[in-house]
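Number of protein chains: 2
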Amino acid sequence: MTDDTRSTALAALVDRYCEAWSLASADERAAALRDVWADGATYTDPGTDALDAGGLLAYIAQVHARYPGAKVVRTSVVDVHHDVARFAWQLVRADGSTLPEGLDVVDLDMGALRIRRIVGFFGPLGRT
Amino acid sequence: MTDDTRSTALAALVDRYCEAWSLASADERAAALRDVWADGATYTDPGTDALDAGGLLAYIAQVHARYPGAKVVRTSVVDVHHDVARFAWQLVRADGSTLPEGLDVVDLDMGALRIRRIVGFFGPLGRT
Chain A
223 MTDDTRSTAL
233 AALVDRYCEA
243 WSLASADERA
253 AALRDVWADG
263 ATYTDPGTDA
273 LDAGGLLAYI
283 AQVHARYPGA
293 KVVRTSVVDV
303 HHDVARFAWQ
313 LVRADGSTLP
323 EGLDVVDLDM
333 GALRIRRIVG
343 FFGPLGRT
Chain B
223 MTDDTRSTAL
233 AALVDRYCEA
243 WSLASADERA
253 AALRDVWADG
263 ATYTDPGTDA
273 LDAGGLLAYI
283 AQVHARYPGA
293 KVVRTSVVDV
303 HHDVARFAWQ
313 LVRADGSTLP
323 EGLDVVDLDM
333 GALRIRRIVG
343 FFGPLGRT
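Chains A and B are the protein sequences, given in the same order.
Here the first sequence stands for residues 223 to 350, where the numbers follow my numbering.
Here the second sequence stands for residues 223 to 350, where the numbers follow my numbering.
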C-alpha cells in the first residue's frame, strides 16, 4: 500500500467509525461499527472505560438521547505511524452548535484495517 | 488517593520520565527510567516502534548525540482518566531553541505508579 492509499483508507476507516456515532438509526450505527471494530476492541474516554462493541453502541445511544440529531465529525487529518493514529473530532448538535474538540488515539490492526482500541480525551490540553 | 494527590504524583512521574530524556549522564538517564518504567513497557513514536527500556535508552542516546545538551520539558498538564494520560512536551536544545511540540499518550499502572506504554506523536495535528 502506498502512503497515499493508506492515508485515504485510514481516513475512510475513521469516517466510518464517526458514522457509528452519527447515524440516526441504532441499527445503522451498529452496522457502521461492525465495519471498523476488531474482535475484542475496546473504547475508553473520560466518561467510560473499556467498553466492547455492544457497550460502545449503548454509550452512543445515551449521547443521542441527550443530544438528539447530534453528529460526530472528524476535524483533523488522521495522523498515523506504525499501528497507532490520532485524530480530532467534534460533536455537532442538531442546531449546529458544538462541544469542545476531542482527541482520539487509535490502536489499529493495519492488516485487516480495523480499530483495536480507542482512547479518547475531551477538550483542549491544559497548559502548565 | 485524592484527585489532587494523584495529579501531583502523575506530574512527578512524567517529570521523572522527562529526566530520562534530559539528564546529561547515560547512567542517570537509566536510573530515571528505572524509576518510572514498568516491566515489559514499550515506547513508540514516528521514528521507532515498541522499544523496551534498553532500546529506549539507546534511542535517547542518539537524540543526545544529535542535540548535545538537549532537554525534554513537559509543556502541559498531565491529563489523566482511568489508566491513560496525555501530556505535551518540547525538546529544548542547549541554545534554548525548540523543536515542534510533541504529544505523548501513556498507559499507566496506577497501582505501582509506573508507565506501561508510551505512544508519541510529533508536531501539531494537521487540520482537515
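Honestly, the hints are just simulated from the structure, not real lab data.
None of these values were measured; they are calculated from a predicted model.
One or more hints might be untrue.
Stated by the list, open to error - Derived SDA-like pairs: lysine to any residue, alpha-carbon spacing no greater than 25 Å straight-line:
no.	chain 1	residue 1	chain 2	residue 2
1	B	K293	B	L273
2	B	K293	A	L347
3	A	K293	B	H303
4	A	K293	B	R349
5	B	K293	A	G348
6	B	K293	B	F344
7	A	K293	B	Y281
8	A	K293	B	L347
9	B	K293	A	R349
10	B	K293	B	A253
11	A	K293	B	L273
12	A	K293	A	R349
13	A	K293	A	H304
14	B	K293	A	G277
15	B	K293	A	H303
16	B	K293	B	T350
What the hints assert, rightly or not - Some chain A residues close to chain B (C-beta under 8 Å, calculated; not the full set):
no.	residue
17	P268
18	D301
19	H303
20	H304
21	R308
22	A310
23	L313
24	V314
25	I340
26	F343
27	L347
28	R349
29	T350
As the list claims (entries may be wrong) - Far from chain A, by Cβ distances over 10 Å, these chain B residues were calculated:
no.	residue
30	T227
31	D257
32	A272
33	A280
34	H286
Virtual Cβ for every residue (Gly too), placed ideally from N, Cα, C.
Status of each hint after checking the structure:
For the proposed pair K293 of chain B and L273 of chain B, the alpha carbon gap of about 20 Å is at most 25 Å, so the pair holds. Straight-line distance between C-alpha atoms of K293 of chain B and L347 of chain A comes to about 21 Å, which keeps the hinted pair within the 25 Å bound. At roughly 24 Å between alpha-carbon atoms, K293 of chain A and H303 of chain B fall within 25 Å of each other, so this suggested pair holds. Of the pairs offered as hints, the one joining K293 of chain A and R349 of chain B holds, with about 18 Å between alpha carbons and a cut-off of 25 Å not exceeded.
Only pairs whose Cα atoms come within 25 Å are accepted, and K293 of chain B paired with G348 of chain A is accepted, the gap being roughly 21 Å. For the given pair, K293 of chain B sits about 16 Å from F344 of chain B by alpha-carbon distance, which is consistent with the 25 Å threshold. Using a Cα cut-off of 25 Å, the hinted pair K293 of chain A and Y281 of chain B is violated, with the two alpha carbons roughly 42 Å apart. Between K293 of chain A and L347 of chain B, the direct Cα distance comes to roughly 21 Å. Compliance with the 25 Å bound is thereby established for this hinted pair.
Distance hint between K293 of chain B and R349 of chain A is fulfilled; the C-alpha atoms sit about 18 Å from each other, no more than 25 Å. Proposed proximity of K293 of chain B and A253 of chain B is supported: the alpha carbons are some 16 Å apart, at most 25 Å. Distance restraint check for K293 of chain A and L273 of chain B: the Cα-Cα separation of roughly 38 Å exceeds the 25 Å cut-off, and the hinted pair is therefore not satisfied. Between K293 of chain A and R349 of chain A, the direct Cα distance comes to roughly 29 Å. Violation of the 25 Å bound is thereby established for this hinted pair.
Restraint check: the Cα-Cα separation between K293 of chain A and H304 of chain A comes to about 29 Å, which exceeds 25 Å; the hinted pair is violated. Taking the CA atoms of K293 of chain B and G277 of chain A, the gap is near 42 Å; set against the 25 Å cutoff, the hint is violated. The suggested pairing of K293 of chain B with H303 of chain A holds, with an alpha-carbon distance near 24 Å, which does not exceed 25 Å. Distance hint between K293 of chain B and T350 of chain B is unfulfilled; the C-alpha atoms sit about 32 Å from each other, more than 25 Å.
Hint status for P268 of chain A relative to chain B: holds, with the closest Cβ pair at about 4 Å, below 8 Å. The restraint placing D301 of chain A at the interface with chain B holds, with a minimum CB-CB distance near 6 Å, inside the 8 Å limit. Annotation: interface hint on H303 of chain A holds; nearest CB of chain B at approximately 4 Å, less than 8 Å. Because the closest C-beta pair between H304 of chain A and chain B is about 5 Å apart, less than 8 Å, the hint holds.
Nearest Cβ of chain B to the Cβ of R308 of chain A: about 6 Å, under the 8 Å cut. The hint holds. Proximity of A310 of chain A to chain B holds as hinted, the smallest CB-CB distance being about 6 Å (cut-off 8 Å). Contact between L313 of chain A and chain B, as hinted, is not supported at the beta carbon level, the nearest pair being about 16 Å apart and thus beyond 8 Å. Annotation: interface hint on V314 of chain A violated; nearest CB of chain B at approximately 14 Å, more than 8 Å.
Contact between I340 of chain A and chain B, as hinted, is not supported at the beta carbon level, the nearest pair being about 11 Å apart and thus beyond 8 Å. Look at F343 of chain A: its Cβ gets to within about 5 Å of chain B, closer than 8 Å, so that hint holds up. Taking 8 Å as the C-beta cut-off, the interface hint given for L347 of chain A holds, the closest approach to chain B being about 5 Å. Evaluation of the R349 of chain A hint against chain B yields a held restraint, the C-beta minimum of about 6 Å falling below 8 Å.
Taken as an interface hint, T350 of chain A checks out: its beta carbon lies about 6 Å from the nearest beta carbon of chain B, inside 8 Å. For T227 of chain B, the condition that its CB be more than 10 Å from all CB atoms of chain A holds, with the nearest at approximately 18 Å. The claim that D257 of chain B lies off the interface holds: its Cβ sits roughly 21 Å from the closest Cβ of chain A, which is beyond the 10 Å cut-off. The Cβ of A272 of chain B does not lie farther than 10 Å from every Cβ of chain A; its closest approach is about 8 Å, which violates its non-interface assignment.
With a closest Cβ-Cβ approach of about 18 Å to chain A, A280 of chain B is found to remain outside the 10 Å limit, as its non-interface label requires. Taking the minimum C-beta to C-beta distance to chain A, about 22 Å, the non-interface status of H286 of chain B holds against the 10 Å cut.
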